[in-house]
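Protein chains in written order, with this note's numbering: chain W, 1 to 254; chain X, 255 to 646.
The hints are simulated quantities; they were obtained by calculation from the structure and are not laboratory data.
Here the structure is a predicted model, which is why all the values come from computation and not from measurement.
Among the hints, erroneous ones may be present.
The calculated lysine to aspartate or glutamate pairs, modelled on EDC-like cross-linking and capped at a C-alpha distance of 20 Å, are [said to hold, decoys possible]:
1. LYS58/W x ASP562/X
2. LYS58/W x ASP593/X
3. LYS58/W x GLU594/X
4. LYS58/W x GLU606/X
5. LYS58/W x ASP592/X
Simulated DEER-style distance windows between Cβ atoms [to be verified]:
6. GLU128/W x ARG311/X: 43 to 49 Å
7. ASP562/X x SER17/W: 19 to 25 Å
8. GLU329/X x ASP72/W: 55 to 61 Å
9. LEU330/X x GLU146/W: 41 to 47 Å
10. SER149/W x GLY577/X: 37 to 43 Å
11. THR331/X x SER149/W: 52 to 58 Å
12. ASP181/W x ALA545/X: 44 to 50 Å
13. LEU635/X x GLU21/W: 43 to 49 Å
14. GLY150/W x ASP562/X: 41 to 47 Å
15. GLY563/X x LEU119/W: 35 to 41 Å
16. GLU21/W x GLN624/X: 31 to 37 Å
17. LYS134/W x SER500/X: 42 to 48 Å
18. GLU16/W x ALA292/X: 21 to 27 Å
19. LEU119/W x GLU321/X: 58 to 64 Å
From chain W, some residues computed to sit far from chain X (all C-beta separations above 12 Å) [said to hold, decoys possible]:
20. GLU95
21. GLU131
22. VAL193
23. GLU234
Glycine is no exception: its CB is placed at the ideal position from the N, C-alpha and C atoms.
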Amino acid sequence: MATLEINDLHVSVETESGPSEILRGVDLTVKQGETHAIMGPNGSGKSTLAYSLAGHPKYTVTGGSVRLDGEDVLEMSVDERARAGVFLAMQYPVEVPGVSVSNFLRTAATAIRGEAPKLRLWVKEVREAMERLKIDPAFAERNVNEGFSGGEKKRHEILQLELLRPSVAILDETDSGLDVDALRIVSEGVNRVRETGEVGTLLITHYTRILRYIQPDHVHVFAQGRIAESGGPELADKLEAEGYEAYVKGGAPA
Amino acid sequence: MAEAQNIPVGSNTTGSIAVAAESTVATRMSAEPSFDVADFPVPHGREEEWRFTPLERLRGLHDGTAEASGSVKVELTAPDGVTVETVARDDARLGRAGTPVDRVAAQAFSAFEKATVVTVPKDAVLTEPIRLGVHGEGGVSYGHTVFELGAFAEAVVVIDHTGDTVRAANVEYVLGDGARLTVVSVQDWDDTAVHCSQHNALVGRDARFKSVVVTFGGDVVRLHPRINYAAPGGEAELYGLYFTDSGQHQEHRLFVDHDSPNCRSDVAYKGALQGADAHAVWIGDVLIRKAAEGTDTYEVNRNLVLTDGSRVDSVPNLEIETGEIVGAGHASATGRFDDEQLFYLMARGVSEREARRLVVRGFFAELVQQVGLPDVEERLLAKIESELEASV
Numbered sequence: 001m002a003t004l005e006i007n008d009l010h011v012s013v014e015t016e017s018g019p020s021e022i023l024r025g026v027d028l029t030v031k032q033g034e035t036h037a038i039m040g041p042n043g044s045g046k047s048t049l050a051y052s053l054a055g056h057p058k059y060t061v062t063g064g065s066v067r068l069d070g071e072d073v074l075e076m077s078v079d080e081r082a083r084a085g086v087f088l089a090m091q092y093p094v095e096v097p098g099v100s101v102s103n104f105l106r107t108a109a110t111a112i113r114g115e116a117p118k119l120r121l122w123v124k125e126v127r128e129a130m131e132r133l134k135i136d137p138a139f140a141e142r143n144v145n146e147g148f149s150g151g152e153k154k155r156h157e158i159l160q161l162e163l164l165r166p167s168v169a170i171l172d173e174t175d176s177g178l179d180v181d182a183l184r185i186v187s188e189g190v191n192r193v194r195e196t197g198e199v200g201t202l203l204i205t206h207y208t209r210i211l212r213y214i215q216p217d218h219v220h221v222f223a224q225g226r227i228a229e230s231g232g233p234e235l236a237d238k239l240e241a242e243g244y245e246a247y248v249k250g251g252a253p254a
Numbered sequence: 255m256a257e258a259q260n261i262p263v264g265s266n267t268t269g270s271i272a273v274a275a276e277s278t279v280a281t282r283m284s285a286e287p288s289f290d291v292a293d294f295p296v297p298h299g300r301e302e303e304w305r306f307t308p309l310e311r312l313r314g315l316h317d318g319t320a321e322a323s324g325s326v327k328v329e330l331t332a333p334d335g336v337t338v339e340t341v342a343r344d345d346a347r348l349g350r351a352g353t354p355v356d357r358v359a360a361q362a363f364s365a366f367e368k369a370t371v372v373t374v375p376k377d378a379v380l381t382e383p384i385r386l387g388v389h390g391e392g393g394v395s396y397g398h399t400v401f402e403l404g405a406f407a408e409a410v411v412v413i414d415h416t417g418d419t420v421r422a423a424n425v426e427y428v429l430g431d432g433a434r435l436t437v438v439s440v441q442d443w444d445d446t447a448v449h450c451s452q453h454n455a456l457v458g459r460d461a462r463f464k465s466v467v468v469t470f471g472g473d474v475v476r477l478h479p480r481i482n483y484a485a486p487g488g489e490a491e492l493y494g495l496y497f498t499d500s501g502q503h504q505e506h507r508l509f510v511d512h513d514s515p516n517c518r519s520d521v522a523y524k525g526a527l528q529g530a531d532a533h534a535v536w537i538g539d540v541l542i543r544k545a546a547e548g549t550d551t552y553e554v555n556r557n558l559v560l561t562d563g564s565r566v567d568s569v570p571n572l573e574i575e576t577g578e579i580v581g582a583g584h585a586s587a588t589g590r591f592d593d594e595q596l597f598y599l600m601a602r603g604v605s606e607r608e609a610r611r612l613v614v615r616g617f618f619a620e621l622v623q624q625v626g627l628p629d630v631e632e633r634l635l636a637k638i639e640s641e642l643e644a645s646v
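Pulled out of the complex, with its shape left as it was, chain W reads as follows (with noise of 0.2 Å):
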């Protein structure tokens, strides 16, 4: 069973005026099929946890660790942990000129699943994902995000979700900039994969509002880089009826 166990992690950024901490100290375990909600103002380092995660270069571990199974993740390249069974659903996923969906979908599973998925369930496999999630089907010769709108964007991210099926995914505001509509669908693509069982989940978000469609295990809020509280996903109704004034340093007192 895949368990992600995050231990006292410290993150930096490197700025004008020398590095700067934005993660401090993070502890947070989460196991196959459970889903985590990460909720928090911005700027607390909700996504600076996911890219951190995921190895993105530009940030830079000072202490704690994190494991997946046991395996040191932080020691992995960003392309071995993806291997290994880390997904992020990017907020802002980037366009990738001259690659078409159908060839970068490929290549991924292939890479992923350490062979070429045989082409004709490919196929088949790809367009019923994308049946799914009402994608359609001329976006598989479109290339990569090009052109794409927020909300199209989005879905191609949970399309790699379903096609790609890690251990342990993470939404960085899966949610931010979708529509009504959008939202549902997105939010049935994660859930179908969260059914499998076989995924731990962690959703990032500022708002409460994907929590009517996608129903977390465990609420955390995020505070000036760290898990400033945890609960149930009654601990949401409490940020959607109080927002994060209470978790923002000098905000206004209780």
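For chain W, the structure is supplied; the task is to place chain X on it using the hints.
Here is chain X on its own, set in the frame of chain W:
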């Protein structure tokens, strides 16, 4: 100003479009075209046509100090019916497709001892390509080659440049009425070679000329593919692909001279660059003269910069002296393969090497397909792969 408004809707006008009463493409050159090297002053590097070129790396081709000391091994295979001749400098068939436009091209014309003339007779339709292999064996060499197709002849010419040499050699293509010629010129030199060449094509009435210029090797490669139309109705397609590595200078300077009515030209060059001091230069000059009514032309240059430290100079120029044209446009863009694209692909399990390959293959795929010769396409893709292998 009124003429500028005659550019049809839908033309791409990215970049500079000059609407001139007289050609500035021609006057931007520092001297008039000539076959005699003595008519050109030794360039100092600030001239418009030399300002991108590292003169000190031309090993004397530009200043008269490069004595013909070396040799090249030439292998020419031609199907039956094709005539191959070695001719003296005074042969009347030399120099018809165009006149040297800079000192090195004139040096080449002034210094070669014998020229090669390859003739495809009228109406002959070749089923096999004419293949010319030029293998440098060190030292300085000069040369001159003419390919002539009679009326309605059809041929494919594949020219391969390999080995090491310092070479200035021009090539002429003379197309009779209704002839069709496809030329693939591959510059796959050793990384020490220097190669300067003016490719002149004279396109007959209703003839079609297609050129595919592929530059991978060399220390300095500087080519001038140039098109002239002998009569109305000609078509020219000029495709190019270059992969400029660390320390290489690869320069392609195109000129399409639309001086006849109802001719068409289509130019597409794409290049990838990687490594410190990789330098690619692309100059795309198109001139539509007063008489060239009904012209349809488009040119595009795209570059993909794979690493820091590489440099691209891309200069499209379009001059239009008549508004009575079908279409005229040009575009140039240089993109970077950046860390975010790399991260995105790697975050999907794809290795860095595979990620670069994916992007570069995608970038070139469309152009490679336009070559239309399966064996050449295969070879180009394999070559692109090996360029990537060598560097990643």
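How the hints compare with the structure:
Taken as a hint, the LYS58/W and ASP562/X pair is honoured in the structure, with Cα atoms around 17 Å apart against an allowance of 20 Å. Under the criterion of a C-alpha separation no larger than 20 Å, the hint pairing LYS58/W with ASP593/X is consistent with the structure, at around 10 Å. The straight-line distance between the Cα atoms of LYS58/W and GLU594/X is roughly 10 Å, inside the 20 Å bound, and the hint therefore holds. Distance restraint check for LYS58/W and GLU606/X: the Cα-Cα separation of roughly 16 Å lies within the 20 Å cut-off, and the hinted pair is therefore satisfied.
The suggested pairing of LYS58/W with ASP592/X holds, with an alpha-carbon distance near 13 Å, which does not exceed 20 Å. Distance hint check for GLU128/W and ARG311/X: the Cβ-Cβ separation is about 57 Å, which falls outside the suggested range of 43 to 49 Å. Taking the beta carbon of each, ASP562/X and SER17/W are about 24 Å apart, inside 19 to 25 Å as hinted. In this structure, GLU329/X and ASP72/W meet the distance hint of 55 to 61 Å, their C-beta atoms being roughly 58 Å apart.
The given range of 41 to 47 Å is respected by LEU330/X and GLU146/W, whose C-beta atoms sit roughly 45 Å from each other. Checked against the hint of 37 to 43 Å, the C-beta distance between SER149/W and GLY577/X comes to roughly 39 Å, which is consistent with it. Checking the proposed 52 to 58 Å range against THR331/X and SER149/W shows it holds: the Cβ atoms sit about 55 Å from each other. At about 59 Å, the CB distance of ASP181/W to ALA545/X disagrees with the hint of 44 to 50 Å.
Range check, LEU635/X to GLU21/W: about 47 Å between beta-carbon atoms, so the 43 to 49 Å window is met. Hint check: GLY150/W to ASP562/X, Cβ distance near 31 Å, so the stated range 41 to 47 Å is violated. Separation of GLY563/X from LEU119/W is about 40 Å and conforms to the stated range, judged on CB atoms against 35 to 41 Å. GLU21/W and GLN624/X have their C-beta atoms about 53 Å apart, which leaves the hinted 31 to 37 Å range violated.
For the hinted restraint 42 to 48 Å between LYS134/W and SER500/X, the CB-CB distance of approximately 47 Å keeps it satisfied. Checked against the hint of 21 to 27 Å, the pair GLU16/W and ALA292/X fails, with Cβ atoms roughly 58 Å apart. The beta-carbon spacing between LEU119/W and GLU321/X, approximately 59 Å, falls within the hinted interval of 58 to 64 Å. The beta carbon of GLU95/W sits about 8 Å from the closest Cβ of chain X, which is not more than 12 Å, so the claim that it is off the interface is violated.
Taking the minimum C-beta to C-beta distance to chain X, about 21 Å, the non-interface status of GLU131/W holds against the 12 Å cut. With a minimum CB-CB distance of about 16 Å to chain X, VAL193/W clears the 12 Å threshold, and the non-interface call stands. Interface exclusion of GLU234/W from chain X stands, the closest Cβ pair being 33 Å apart, more than 12 Å.
Checked against the numbered hints given earlier, this structure breaks hints 6, 12, 14, 16, 18 and 20; the rest are met.
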